[in-house]
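For reference, the chains in residue letters:
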Amino acid sequence: MSVRIGVFVCHCGTNIGGTVHVPEVVTYAATLPDVVHAEGNLYTCSEDGLSSIRNQIKAHRLNRVVVASCTPRTHEPLFKKNCELAGLNKYLFEFVNLREHCAWVHMNQQEDATEKAKDLVRMGVAKASLLTPEEDLSTEVLPSSLVVGGGISGLSAALTLAHQGYHVELLEKSDRLGGLLKDVNRVFPTNTPTADLITPLIDSVLQHPNIAVHFKAELVDIKGFIGNFTASVKVNTETLDLNTGTVIVAIGAAEFKPDGIFEYGRFDNVMTQLDFEKQYPSGYTGLKRVVMVNCVGARIDDTPYCGRFCCITAIKNATLLKEAEPEAEVTILHRDIMAFGKVFEAYYQKALRMGVRFIRYSVDRPPEIIGSGGRAGSVRIYHELMGRNFELDADAVILTTPLVPAGDNEALSRMMKIPIGNEGFFMEAHQKLRPVEFPVDGIYIAGCARFPAEIAECIAQGYAAAAKAAAPMSRGRVVTEALVSEVNPLLCSGCGRCLGICPFGAIDWTDLRVAPERTRQVAAVNPTECKGCGLCAASCLSGAIQIKGFTDEEILAMVNAAAG
Amino acid sequence: MEKSDITSEIKHQVLDHNLNVCLECGKCSAVCPMLDFYGEYAYQRSPRGVVERLSLAPDDIGDEEALWYCLTCQECTFFCPSGVDFQGFMMDLRDLLLRHGHRKYAVFCPVCGSYLMPKKEFEYLQKDPERAKRLGDLLAVCPRCKKSSYAELLHRLAPVHKKMKHV
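Line by line, the protein sequences are chains A and B. Residues in the first sequence are numbered consecutively from 1, following the working numbering. Residues in the second sequence are numbered consecutively from 1001, following the working numbering.
To be clear, the hints were calculated from the coordinates, so they are not data collected in a lab. Positions of the beta carbon are idealized from the N, C-alpha and C atoms, including for glycine. Treat the hints loosely; a few may be bogus.
[Stated by the list, open to error] Lysine-lysine pairs mimicking BS3-like chemistry, simulated, CA-CA at most 27 Å apart:
1. A:K342 with A:K223
2. B:K1011 with A:K350
3. A:K350 with B:K1027
4. A:K342 with B:K1027
5. A:K223 with A:K234
6. A:K288 with B:K1027
7. A:K223 with A:K548
8. A:K322 with B:K1011
[Unchecked claim] A few chain B residues facing chain A, derived, Cβ under 7 Å:
9. L1015
10. N1020
11. V1021
12. L1035
13. Y1043
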């Protein structure tokens, strides 16, 4: 069937029409090869313009449509939809940008702008004649989710999904749910016992018919993509294969153990905040003089980040100590106090009013812990403004350490092809706009695996990840654009550059039979995971990779049209 | 009183006047009119420095002249964003120091013997003869004694007052 192109040039009011002489462009377009119809519209995106597209497709039996108007960012879906309404495959549509790329940037050069508009339309028409019809890709999404990690974030996500009717496979590495919170006595800022908060949550997770909890479970491998992941999970000695539609990573983080610094491990009464909470599970009585050192292992060269809530943890334990022993001397040595938001500022003020002492130290002259016979007796601190040392007696020295990435992050990152940031925590798809998603579809993140977060934030992120995971599962299918990359296996040399360069992990090896008993490995693109960014095509040395809708042939046709 | 008593009493005063909520922002030192008086900026003598010193190590303060610099003008209390009542604290602290016999940095009323002002300020005001002349007898006695001497004068000038006594 011969190519029959229709060109629609938009005035966009005066946006284009005020600079580009549209009737001249229309007349010119009609002379281009394969163009059987050309017209100008005041607004092609108005109902008048759209109905004209639909009518002309039928009247002239158009099999390619070129619209020369504004930006594809806002209007391409609209024009494509109208092509489809008239029975034309939407991938046979080509967009030419006459507004941003021509009229707006050449407002004072009307004649030249008109000439450039002709060039752009000629390029669009050249590409349009080579377009091929494509079908959108659609895959089924299993209504189940794999939640990795049974801490507060994982529990919140699992329960939310289960309540919505999705099946949840919850993996927990240890033999108990609750994560790090299990060792915490009380939670700030209410100072209520942690058990009151977490026990009902654990019970509802364990009793929920939609949740299968796997204790002592280790994720060995995960294959697949959004809609159908297959996870190999080792539970004790046996290996299970779990099929789920989505994955939520909530593996949490670990408390930093300051081995070798601040006499940790040398003196019995030097401990971290978590050690302290474990040691005094029933109360805080008996300690008369306590010195806490904040920012141990945080905001230094090796770990440049701030742990966000460690200050509040220190304030919490200081407050509880003061409440148990009002005459106790509790001193917090800090570098700055991070007490953000309306609640924590009041919490900090309360501690100040209770008589908890806050003294700033400089990172250049950190506090020294002095002691003998396996016990710390005092802490020497250099007061910067006073310019002198103080010695504070101490029955116990508590080091406030930040959370550090869990040891499993690296392995999980390789397994799922999800990115890790400089600090070793997982990195979300966008810091502001996509906080609980990964660039890879169908895998979501919640809680301290992303960055140290306090309980309320972990719960919120658990809910958010569950909501994001529920979206494709409730639709049941994911539809992706057909404009993805494709490997020609015969041209592929198997160098593997594209595998490393793909940000979405969409390319994998596959076996190509080259002789009856011989195969070789070549790259293959999973169209469901591919976003059509084009990095692989640009990196391919053999020219084996093409992006649909942007093939070399199509691009070169545009270049030839521009140059010729 | 024992030395430990004065230390524990200071601790209570520190809490009573909110000294422990100091965030070390330094606004008090910036507005302190005694800044000129310190000579050059000296942390130890500034309100902020005194607050920190007394909350950290409230001992051996009898020999500390820095505690006798404050004019108790209330400027720092007014500007403090955290609500530290430094002026109130200073007055109570001096009262406490005098009660414990730390009198060497204070000047007393020659008539009744009550506390008049810090010695440092007194000397400063009298150092310059011109200034001393302008002050006149303003610093001669304490306000209460001054008031009684005025009252005495009034009694002498107003004999009608004596008559009223007989009514």
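Here is how each hint holds up against the structure:
1. A:K342 with A:K223: 44 Å, violated
2. B:K1011 with A:K350: The hint holds at about 17 Å.
3. A:K350 with B:K1027: 22 Å, holds
4. A:K342 with B:K1027: OK: K342 (chain A) and K1027 (chain B) at ~23 Å, within 27 Å.
5. A:K223 with A:K234: 15 Å, holds
6. A:K288 with B:K1027: At roughly 33 Å apart (the allowed maximum being 27 Å), K1027 (chain B) and K288 (chain A) break the hint.
7. A:K223 with A:K548: Holds, at about 26 Å.
8. A:K322 with B:K1011: Roughly 15 Å between the alpha carbons, so the hint for K322 (chain A) and K1011 (chain B) holds.
9. L1015: Since the shortest Cβ distance to chain A is 6 Å, the answer is holds.
10. N1020: 6 Å, holds
11. V1021: It holds, given that the least Cβ distance between V1021 (chain B) and chain A is near 4 Å, below 7 Å.
12. L1035: 16 Å, violated
13. Y1043: 5 Å, holds
Checked against the numbered hints above, the structure violates hints 1, 6 and 12; every other hint is satisfied.
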